[in-house]
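Protein chains in written order, with our numbering: chain F, -14 to 319; chain W, -14 to 319; chain R, -14 to 319; chain G, -14 to 319.
Just so you know, not all the hints are guaranteed correct.
Note: identical chains are not told apart, hence a pair may lie in one copy or across any two.
Unchecked claim - Using 27 Å as the maximum straight-line C-alpha spacing, the simulated DSS-like pairs for lysine-lysine come out as follows:
no., residue 1, residue 2
1, Lys114, Lys294
2, Lys294, Lys275
3, Lys275, Lys114
4, Lys294, Lys216
Calculated directly from the structure, the hints in this document are not laboratory data.
Number of protein chains: 4
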Amino acid sequence: MDAVEYTPTFDQYAWTFGGAEPALRVRPGTAMRLWTEDAYSGRIRQSTDLPSACVDINFINPQTGPFYVEGAEPGDTLVLHFVDLEPARDWGVSTTIPFFGGLTGTDRTALLQEPLPEVTWVYHLDAAKRSLTFEAARSDFRLDLPLEPMLGTVGVAPGGREARSSLVPERFGGNMDTPEMRAGATCYLGVNVPGALFSVGDGHYRQGEGEACGTAVEGAMNVTLIVDLIKGGAPVWPRIEHDDAIIAVGSSRPLEDAWRIAQVEMVQWLGQLYGLDRMDAYQLLSQTAKAPIANVVDTNYSSVVKIPKGLLPASAAYDGIHRHLRESAAALRA
Amino acid sequence: MDAVEYTPTFDQYAWTFGGAEPALRVRPGTAMRLWTEDAYSGRIRQSTDLPSACVDINFINPQTGPFYVEGAEPGDTLVLHFVDLEPARDWGVSTTIPFFGGLTGTDRTALLQEPLPEVTWVYHLDAAKRSLTFEAARSDFRLDLPLEPMLGTVGVAPGGREARSSLVPERFGGNMDTPEMRAGATCYLGVNVPGALFSVGDGHYRQGEGEACGTAVEGAMNVTLIVDLIKGGAPVWPRIEHDDAIIAVGSSRPLEDAWRIAQVEMVQWLGQLYGLDRMDAYQLLSQTAKAPIANVVDTNYSSVVKIPKGLLPASAAYDGIHRHLRESAAALRA
Amino acid sequence: MDAVEYTPTFDQYAWTFGGAEPALRVRPGTAMRLWTEDAYSGRIRQSTDLPSACVDINFINPQTGPFYVEGAEPGDTLVLHFVDLEPARDWGVSTTIPFFGGLTGTDRTALLQEPLPEVTWVYHLDAAKRSLTFEAARSDFRLDLPLEPMLGTVGVAPGGREARSSLVPERFGGNMDTPEMRAGATCYLGVNVPGALFSVGDGHYRQGEGEACGTAVEGAMNVTLIVDLIKGGAPVWPRIEHDDAIIAVGSSRPLEDAWRIAQVEMVQWLGQLYGLDRMDAYQLLSQTAKAPIANVVDTNYSSVVKIPKGLLPASAAYDGIHRHLRESAAALRA
Amino acid sequence: MDAVEYTPTFDQYAWTFGGAEPALRVRPGTAMRLWTEDAYSGRIRQSTDLPSACVDINFINPQTGPFYVEGAEPGDTLVLHFVDLEPARDWGVSTTIPFFGGLTGTDRTALLQEPLPEVTWVYHLDAAKRSLTFEAARSDFRLDLPLEPMLGTVGVAPGGREARSSLVPERFGGNMDTPEMRAGATCYLGVNVPGALFSVGDGHYRQGEGEACGTAVEGAMNVTLIVDLIKGGAPVWPRIEHDDAIIAVGSSRPLEDAWRIAQVEMVQWLGQLYGLDRMDAYQLLSQTAKAPIANVVDTNYSSVVKIPKGLLPASAAYDGIHRHLRESAAALRA
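The whole structure should be built from the sequences, with the hints applied where relevant.
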């Protein structure tokens, strides 16, 4: 299985979902090896680099893409299977940013208090140990944490003629910032415009759920994925499948609305998988759901619902395409 | 190690945190074997029993207690270690209740729509397999789910002269409805009134995170716990310790405020454990937190933050009292 | 018409709704002249008095009452008509309080930022001009504002065996902090316990809608009111009637839920007044409502819905009791 | 003073803020007479026309514009003074729409309940009496209400390369749905892109605050306005000036965040007008603000803060441009 390779130059990045010209056209079934820049556009490289000095607010979350998928029409289901996410650098970086993050006032939770201090933490990656070293900036503390690569941003063009910043998580996916978007995951997104126009970016070498301070261990990433397409069947909100779980992601504010969205999406998915009446699906969900928060810092908050496959009867969502893509991925790696 | 046994009669239940006379006085270090009735006061026993017909709204979430802990003063830390949670019946029950739950309008999210159907699901417990059978009410579907007992409600009397319904999760603990409150957990609660006046109840044979429909698999429970006391050091919000994680629980509305509360509590705990500056603790939290939602259905929503001990340097929270209580528990079981 | 007079000593104040013994028993139809202390228990008297130094958090919002209304039973409607609200001192005071208020992080919107500065502003009252002088504390600015007395806190004992702090606005009324609670207003509250057990307090010499900084121009108040009782007919949430408007107040979080509560209460009231179908009442509300926010700073946020009587057909809510009480009030003043 | 006249054909409407080509270029100081279609694109004309059958979701809130203002650069302040808003038809219409509105579950407050009934109410306009007749659809009730024309939607192109649906209220203005946007109002909007690219639409013949059911009395409108430009001085969020009040509008979710945004914007404005320290401005705001809710139904909720000029010292915001435009408007009408 061959793979299309694509490494954008700076002026080839997209900064929105929708509103950007396609970088490439690909056919369903195509494997792609993509390079993604980090959320800071690579401008934060050492602990003395502070976002307010080094980062232009108009150049955050550069997107690799968008890619036009041949044959994709509104109402179809775009399928993205993540084969590998490999750090493209031996360091990642996290920062606090004035009036951005979960435990500070923001432009939305608008308050009169002074901002928190701006701090940059650089994490060094030990490729052999697959670990990242956290060095405290204002205390005497050092800790190795496991490398757990994920993509913050995976999305398609929105409908309704909109173009949305790559900072936005929404119905179209986007900046959901969930650790569930990792190698081995298959993501299902409803197509809103011809060609779907998907893009990826915002690699995280690791991230806690909620992304409390507003940034993960941000890092450039080599992304290997397989694109596929299901005619029709568009989910209303993003769905993800792992070998061991089915997942839905809701993004809105307040956080309870993001949670409600994901829960209703999962009620519908359970109904589709098992022929369950809505009330029975609601009950099954109530006793089996995991409900990790993804982010409480972006323009919408994201809430994940996740049901372990081990709790559910065997089923083959989307005709078993996840299993099929896992096999293709294995072939690709071989 | 001896254990105080206590099985209340119906008129001995408490229905509030605060405002009830102590059922017993106990010394720190005491083991207790307590019987707790289910959230419905045992009135829902078969699938034709509907809450609107069978349950008096004034008799929900009966509490076993409160217990006066000798020597407990405001500012102290009450320590409750859960040794065993064993179902006291061979069936549990879950229902939908009109205008109650996460995916319906409620008395708070007040809407004009008609209520959802009222449905009762009875789960049969197979003690040998430690499983519960879900039988769909309106579809042809049946599924065994693992028994995973937990307590919905663990709390002390609030401060400020208040008495709060046993449906409330708050700073004093209460109806947090988190699956983290299981056998093996140690719960730390700030003491607000002399004697702490703690109580427990609302056993769940299993529950998904979020408790979407508003009720878990509710069931009477035999609870074995050890009470202990630390002078001073009261956490602002409830903390929980497992063998493999440290946890904080925030309860408020909207859900992002519950999340913020738990996160700030954990920033403080990390600072206490490792001498970390607040910004460094914020960063460490951001990259290591698990953030499961506990409930989005009670009078306050509850959000959990959980850091795996495996990610953190070894430490002994509260002078290692959790490990000590685990050993006492083992002795108690022997 | 005679009036019962009552001026509590410090140890006669109540600090909760529910959980306090009645100060007096009164019959429906009784006029009362009550003295209410300010929210700070009178401890802030000059601009150098700061809340963190002068005020004990356990002694905020002293309540005058509670009063046991003869014959009041759960399900009845307590009627309080405010005849006069007259400042009892020639100064009032407002402060910022660390981590309290609408434009700062709080114990609920828990953040890591430093608190805002603590400032006390003393307003001098010119009784002849009925004005208050605002003197800026940190700028060169001085401004006379009209005296517009109101009561922050009017409530009955809650149901469900609860006792709630006098800082709480809820279904039982309480600390709603709406400028609509002024002389000439009639307040309707559902009775939850025998005797209703109402209390009043937290006088404001004036307050903006929202009470942004967390405190109004707080001041001791001489309150003249008439108590009345309607058997049955308890509104779910507090209602208020003026000569020129009907009003409902919802209190919850997030603020949209407080808004929804008040809107639904008004849909019901419109239905009762005009025999309207629920959808028609919803439509009428949509085109006629005023929706001033009351507070975004208390333990619940409060949202007001207000329909000018001038827009509506003539009607006599609660059999015209407001008009009757206006006449009694005029007689009382004469 | 001459006025540019512009009546778009259907295919000349814009459906987004940003992302549309300018319809005209105008110089600051230009008067314009614009025709705006109603929110339903004119497709609902009688009580049997229901939105789900007659309205295409992609053709809601048609915008007249956008207009390119010569010389407008990012950071400038666009000034729109509304001279006249006159109904262009002798009827207006309001509807409920499934899963849209304030007292129903929505695509965001995602619930499992059935939708509310879909109802259309046609209001007849009596031009002489300047009144609208409400005829209840499901009850025997009829009521004349005053005509009070306003514009739901006034906005410029957003920054950050975004294009947003004309259903969105945001920092750029847009679908704020506040009755404050009436004849006599001057609206100040920060410019984000060269030419500002403003548009207007969504006329309401009257609307209650909050727009509870999701739609006002929607109607085509003849809009007369004067465009002006101030170099620099862009407000962060929309500001409005009347003869008797200064106003700011915040739009976000949850509603308390919309409120916070507007409050902080007003603290800044008060500081600019009177040289007030931030804490003093916070205090002045707290005792003088009116806080009507604008909408709780759109993609963002909108909260208004309004300070009566009568409470404040005389001042001339933006060098008195509002008074100047009022005079120009009078000349235009003459």
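Now for the hints, and whether the structure bears them out:
no.: 1; hint: Lys114 to Lys294; in the structure: between (30 Å within a copy, 19 Å between copies)
no.: 2; hint: Lys294 to Lys275; in the structure: both (12 Å within a copy, 20 Å between copies)
no.: 3; hint: Lys275 to Lys114; in the structure: between (30 Å within a copy, 23 Å between copies)
no.: 4; hint: Lys294 to Lys216; in the structure: within (25 Å within a copy, 45 Å between copies)
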